[in-house]
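Protein chains: 2
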Amino acid sequence: MVPHLVTALTGPINELEQRVLDSMPAIERWFRLEWMEHTPPFYSSVDVRNAGFKLAPVDTNLFPGGWNNLTPEMLPLAVQAAMAAIEKICPEARNLLLIPENHSGNTFYLSSVAQLRRIFHMAGLNVRIGSIDPAIKKTTTVELPNGESVTLEPVIRGKRRLGVKDFDPCTILLNNDLRAGVPGILEDIHEQYLLPPLHAGRSTRRMSKHFKCYEEVAKRLGKLLGVDPWLINPLFEKCGEAKLAEGVGMECLSTNVDALLTKIRRKYKEYGIKEKPFVVVKADNGTHGMGIVTVRDAKDLEALSLKVQSKMSGTRDGQPACDILIQEGVLTKERMHDAVAEPVVYMMDRYVVGGFYRIHADRGVDENLDAPGSSFVPLAFEQSARLPQPGIKPGASAPNRFYMYGVVGRLAMLAASYELEATDPNAEVYE
Amino acid sequence: MVPHLVTALTGPINELEQRVLDSMPAIERWFRLEWMEHTPPFYSSVDVRNAGFKLAPVDTNLFPGGWNNLTPEMLPLAVQAAMAAIEKICPEARNLLLIPENHSGNTFYLSSVAQLRRIFHMAGLNVRIGSIDPAIKKTTTVELPNGESVTLEPVIRGKRRLGVKDFDPCTILLNNDLRAGVPGILEDIHEQYLLPPLHAGRSTRRMSKHFKCYEEVAKRLGKLLGVDPWLINPLFEKCGEAKLAEGVGMECLSTNVDALLTKIRRKYKEYGIKEKPFVVVKADNGTHGMGIVTVRDAKDLEALSLKVQSKMSGTRDGQPACDILIQEGVLTKERMHDAVAEPVVYMMDRYVVGGFYRIHADRGVDENLDAPGSSFVPLAFEQSARLPQPGIKPGASAPNRFYMYGVVGRLAMLAASYELEATDPNAEVYE
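Protein sequences appear in the order of chains A and B.
Oh and the first sequence: position 426 is 426 in this note's numbering, straight run, nothing missing.
Oh and the second sequence: position 257 is 1257 in this note's numbering, straight run, nothing missing.
Worth double-checking, as some hints may not be accurate.
[Stated by the list, open to error] A partial selection of chain B residues facing chain A, derived with a Cβ cut-off under 10 Å:
#1 M1024
#2 Q1080
#3 R1220
#4 G1222
#5 Y1271
#6 V1353
[Claimed, not checked] No more than 30 Å apart at the CA atoms, straight line, and that leaves these computed lysine-lysine pairs for DSSO-like:
#7 A:K165 - A:K209
#8 A:K223 - B:K1088
#9 B:K1088 - A:K219
#10 B:K1219 - A:K88
#11 B:K1165 - A:K223
Hints in this document: simulated from the structure, not taken from any laboratory.
C-beta atoms are modelled at their ideal positions from N, C-alpha and C, and glycine is treated no differently.
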């Protein structure tokens, strides 16, 4: 199926597409050189929004689910990339332990786990799935809608190593974003590779740190391309120590929403954009579509206050969020079958391996789509993955558009690499 | 198009397929460990013959043409592998110079060159095509049947570097098998990466050395799989210093053909194979389908002598071949639309990136198919590349069959890696 896209086929985004295509060798070389100095996250997915006049990542997930949304055509690329990733980390590996989220009743999520298992099995590893869910006390097999099944085994913690019964892995791959904090069972594992590292967990990460790193790499790529980095970078502000449930921090929020809206308005004016600027307010430690509020005016905040409070206080398993990220809202101009759509780019090691459109029939162009009710359509990516077609006019070629999405996805992944280096508690500091 | 295959769906080959599938993690780990010690050839293609009872490589090409036979679906895999290859060799590379064969009038071959150019361009390099053909004295553009064109530029040799006008490459990629010897213009290049190395050229390589290395790795893989290595290894003998055009070496040839046929007969008996054994006689320095003679009995040699003489003397641009390889003939049981077919596996760096069937309507099951009149059909590889489907019964799954082909292809590539190390004139010798 080739998705029907409705994208703004004129204006700056086509200029950007053209620049990206023209600079392909320079871009690829730049990434190659970056990866000599920095380690890519093991895997990642990036939500991208295409406003027609700008293109920007809005979330970078270091424990991606949704692998089941990738088409069979994308599987060989994912396997090849997984082989490259494993080879670098633990070439002598025989065994990989995959630790999933604790939603053991969610067969949609478990279909993604089954797909990851397939990818790493095909890359040549014995894969077992070890659950850290306290509810999984014995080996539990869950049947999936497609006839497959997933067997969850309770993890067994030794003094220094983690495994499941009769299975001692070289590498432990987390597909659990640790949003409720790092459980003790995962701490002090020094003999095995634990990936991604614990400080990549949602409870530890700060999205403001990520987007600060992103801003830095976006400026450099912008310079390389000769474009205003704003065209690929969402502006943001931050409020620390807010306790919205108690009303603490509303003033900071109001001031920063106002300041950010003013900045965006100025940019819109510069580019002659007629849309109404907006910002999104979310917990700085990331949420899975929970507690993301769209604000079009600082005055709206007061009215929204109660809603914000109740929503925000629902994040992090009920605890009040402390830091607040106020991010430039990026419209999505993409539509599929009349539903608002945003591309999600999947990467394994340094490679783009696929993607899909997240669509949501009940949401607006300025709303978060990663919410209950969303569905997924494979990108037209399907066959030609991230391969551009030089010589085709901007906006007319799906592969060229997806090449650009892949560049922005990789840029966010690079930012995540910088972020994880900067926040590594075990990093050696050279003074 | 999904090729119609007629393969022997019973007998040892299915046992082999099953063992290969069951041992997938062990096989992949073994390759990973091998690639820690050995460098894969930059790219390669391997002709594989499936006799129903055995599966073996019959030629390993280190300057593969035919990239245009790969389907668009295989392109992303080739690009991803090319990115990995370039990254290892010359991550700071901007420019790649591709040196093609001297058949500048052969648009079929030039379509393959255009495909290679596309792969490396998509991997992020500026690619130019530099000809070492003395006939190319100025920039020459050749139109291809599909509407593309290829521009051949005469190479310019500096004191220490090679390039074309206004283009100084980091890496020079040879797609010219140097069968007529190494031209002076390629010698003494020490500042640039010249790949594959000159001693991989057809005039320098000896196929007997390759198959000696292959025998070694086949024994080790056979042990890993718990199978007789003969099931994946073609036996061979060698006659040195033969000058068939002058009748010198016919006795050696006769003795060795007889000895080899006896060995094969013994193996056939052991496995209850009813086919008539045969051997192929070819120049040890390889040929592109020239001078390959099928011999079913040493007595036939006398009768074939004249034919052999005239054929063999035609190799190496008219010079008489010196060393003769006598190789166990491997039937091909595969058919496509009634034509005899053999799979060809394509690799870039350590990855299988695609393949196709070489078919020849006018040739027999025991004849060489790499000859004028052959044509090409993409492997059913198409979508799922080398990804096996565990749990499907042997012989019933094209992806599983192709995974096995990919294993044998990579085994031959590994042998080429050993071969190039052993024959490297610049190797450091540790005593």
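Cross-check of the supplied hints:
The criterion of a C-beta within 10 Å of any C-beta in chain A is met by M1024 of chain B, whose closest approach is roughly 6 Å, and the hint holds. Interface hint status for Q1080 of chain B: upheld, as the beta-carbon distance to the closest one in chain A is roughly 6 Å, under 10 Å. The beta carbon of R1220 of chain B comes no nearer than 17 Å to any beta carbon in chain A, farther than 10 Å, and the hint placing it at the interface is violated. For G1222 of chain B, the interface hint is violated, the least distance from its beta-carbon to any beta-carbon of chain A being 18 Å, above 10 Å.
The beta carbon of Y1271 of chain B comes no nearer than 29 Å to any beta carbon in chain A, farther than 10 Å, and the hint placing it at the interface is violated. Using the Cβ-Cβ criterion of 10 Å, the hint placing V1353 of chain B at the interface with chain A is satisfied: the shortest such distance is roughly 8 Å. Taking the CA atoms of K165 of chain A and K209 of chain A, the gap is near 39 Å; set against the 30 Å cutoff, the hint is violated. Taking the CA atoms of K223 of chain A and K1088 of chain B, the gap is near 27 Å; set against the 30 Å cutoff, the hint holds.
For the hint linking K1088 of chain B to K219 of chain A, the alpha-carbon distance of about 27 Å falls within 30 Å, and the restraint holds. Between K1219 of chain B and K88 of chain A the alpha-carbon distance is near 27 Å, which keeps this suggested pair within the 30 Å criterion. For the hint pairing K1165 of chain B with K223 of chain A, the CA-to-CA distance comes to about 29 Å; that is within 30 Å, so the pair holds.
Against the hints set out earlier in the document, violations occur for numbers 3, 4, 5, 7.
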